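**Student:** Now for the letters of each chain:
There are 2 protein chains.
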Amino acid sequence: MQKRILIDMDEVMADVMPKFLDLYEERFGVRLKKEDYWGKKLYDLEGAKELREVLYEKGFFADLPVMDHAKEVIQELMGTYEIFIVTSAMEFRNSFVDKYDWLQEHFPFIHWRNFVFCGQKQMIDADYMIDDHVRNIEKFRGHGLLFTSTHNIHEHRFTRVNDWLEVREFFKIADAL
Amino acid sequence: MQKRILIDMDEVMADVMPKFLDLYEERFGVRLKKEDYWGKKLYDLEGAKELREVLYEKGFFADLPVMDHAKEVIQELMGTYEIFIVTSAMEFRNSFVDKYDWLQEHFPFIHWRNFVFCGQKQMIDADYMIDDHVRNIEKFRGHGLLFTSTHNIHEHRFTRVNDWLEVREFFKIADAL
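Chain order of the listed sequences is A and B. At position 75 of the first sequence the residue is numbered 75 (the numbering used here), and the sequence of numbers has no breaks. Add 177 to a position in the second sequence, counting from 1, and you land on the number used in the numbering used here.
Any given hint might turn out to be false.
As the list claims (entries may be wrong) - For lysine to aspartate or glutamate, the following EDC-like pairs were computed, each having C-alpha atoms within a straight-line distance of at most 16 Å: (1) B:Lys316 <-> A:Asp125; (2) B:Lys349 <-> B:Glu253; (3) B:Lys196 <-> B:Glu227; (4) B:Lys196 <-> B:Glu234; (5) A:Lys19 <-> A:Asp63; (6) A:Lys139 <-> B:Asp302.
Hints are computed from structural coordinates only; laboratory data are not their basis. For clarity, every value in this text was computed on a predicted model and none was experimentally measured.
Just chain A, same shape as in the assembly:
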């Protein structure tokens, strides 16, 4: 029986930060540097709360860049594991089609049977989860890998992966066990 990995989209497969940095710059005339926001969500910076509203707009999720090495590492993992792409899309009615098309464009080797759009994740049974949200990893009964993102850097309870190359390394070791 193949082991199963749940993979999150935003801030794991898709890089949301460049778009938020652009929006912040448009709105406030400042290009933030990593030290300005590292440790927080961009829209938790003073005066920037309204930036989160863009998540509800049609098209926001359509053209996000793919995280470095996500494609080849996921394709490699599919040789050994059953992969599900599990994204908390339900808060954002306009995101469904954007996310679906994005997956089909950038990850055409993942079948739509393995996409899950949901509002929470703890009812999905798997061996591993790769996610940037502490709340998802906390409730997961398998082995969670916390994918580094600005908002989770102060968390130390879980296996951390800083990028997809570290994900590859983790599973090389897991496979050998």
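With chain A's structure known, arrange chain B on it following the hints.
**Tutor:** Only chain B this time, still in chain A's reference frame:
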């Protein structure tokens, strides 16, 4: 810990048959009676294969009637159980928004956190599943309730419920155990 029930949408919460009967009549000039199709999917009747194409059209899932008693029985069950609405939407890119709006219109008391749009269901962990598809019930590790639909009437391995009143009766007994 609350027990969890997974509830399917099409042919369980939403009645797909009236629309297919209308389409068949439009296309072939005949209003089918139950004995004409009972035991099959409508689009498995001779010459009717193309009828299935409507499932891909925008709007198909938007205005389906709610199954009798689904509202009140689901609302009752939510007093005791954790409910997830789990629908195999992923084959139908145009269905996402239709299904989301339909749920919010007819079942406003179910939070979007409890919606799941997926391509298969066996990775979702629950105690009960109410579904019309034998393939979903077969792979489910909890107790499956097969909701009667024309295409599943020859199946005898699972607990069968013919309507939502029978669902209510089943859980009255389950609660008492």
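**Student:** Report the numbers of all earlier hints that the structure fails to satisfy, in ascending order.
**Tutor:** none
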